[in-house]
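Build the full structure now, drawing on both the sequences and the hints.
Residue numbers (my numbering), protein chains in the order written: chain A, 1 to 193; chain B, 194 to 362.
Keep in mind that the hints are not guaranteed to be accurate.
From the structure, some residues in chain B lie toward chain A, with a derived Cβ separation under 7 Å [claimed, not checked]:
{"hint": "1", "residue": "Ala204"}
{"hint": "2", "residue": "Tyr209"}
{"hint": "3", "residue": "Ala215"}
Hints were generated in silico from the structure; no laboratory data involved. Please read these numbers as outputs of a predicted model, since none were measured by experiment. A virtual CB, placed ideally from N, CA and C, is assigned to each residue, including glycine.
Spelled out from the first residue to the last, the chains are:
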Amino acid sequence: MHGAPGGPTSSGLYDAATDAFRRWRDDDESALDDLVRVMSPVLWHVVRATGLDKEASEDVVQNTWLTLVRSADSVRDPQAITRWLCTAARREAWRVSKASTRTRPVEDEVLDARMPAQTSPEAEVVTGDENARLWHALGRLPERCQKLLRIVAWEPRPDYSSVADTLDMPIGSIGPTRRRCLEKLRVELGGAS
Amino acid sequence: MTQTDEQLLDAIAVLYAALDPAPADLVDGVLARLAVEDLETEYELLTLVERVDHASGTRGVTGVADPGADTTVALEFAGESYRVLVRISAVDGRRRLDGWVVPAVPLRVQLGSDSDVTTATRQSVESDADGRFEFPDPVAGDVRLWLTPQATDESGRPIAPLVTPSFRL
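Structure representation (structure tokens):
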């Protein structure tokens, strides 16, 4: 399922997750299903942005939920649930990628070379002019920008310190880098003023 | 064309959702894992020790079951201290499930899909004092029974709940 509303401005997603978690804590057991449905696609993008392959990413998403169920009491504030989940997923992804040889760091050049092959099966979804332009513009950005923008695009209110760990950047540079990456993207899109 | 940061990021989110979507079975996989976790941590998993399928009802003079006859399946599950016997019968196309636990103990019994992580969507009944219970209109598919004894052991501790392996209705 990937029809969940995405994007950082999607307060709907944030509110739905907070509400489901609150109901689950109040012993409404079906609310955990709701939370899983709302947040699993978000966790998918958060984990894939770390560079893990699809199979490993699926495992990381599952393990993140197991961690939550085992330690739900450690989430004091229901409003912190999206951040807690995304941070736990990113930390687990980071741990797995350190431990595993099936994940290699992907250099920009390699990524560029792979992009046409990656996109061709799904070519029809990039048929819209805007989407195609955006995709090609993203592809011309440094890998770090691509990862950061995917994270901040999908994760509601991200925790910059765990994003910094994942991207191996100082925490103070996340905000400025995010701005710079968006500016570069605008230039690539030809929309810079 | 000027887009706000938020519009641009929304467009990026939509693009990735299309190009690298979460697998269609991601959510189901998570729910199944959580269901198993639930079993491992809280319930004693029973073992299927016997299964008997037989046709019953009208028999011809030859003693051979009528091909269209009603059928019954009997299952027996065993754990460390309890055995659970289940009979699934189909009469006139309507299934029902009867069961009882030996030794007798009052139970809260739930019947639900084997991958169901939540208890809210399971069918739930109370057994009688002899540990007999029935589901007159059980759900179909791959299911489990979760049995929670409503009693304490000789040292006053609650008796650990039991769960059957998955079986097909």
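Measuring from the C-beta of B/Tyr209 to each C-beta in chain A, is the shortest one below 7 Å?
holds, 6 Å
Should the interface hint for B/Ala204 be scored as holding, given a Cβ-Cβ cut-off of 7 Å against chain A?
holds, 6 Å
When the least beta-carbon distance from B/Ala215 to chain A is tested against 7 Å, hint result:
holds, 4 Å
In the structure shown, no violation is registered for any of the earlier numbered hints.
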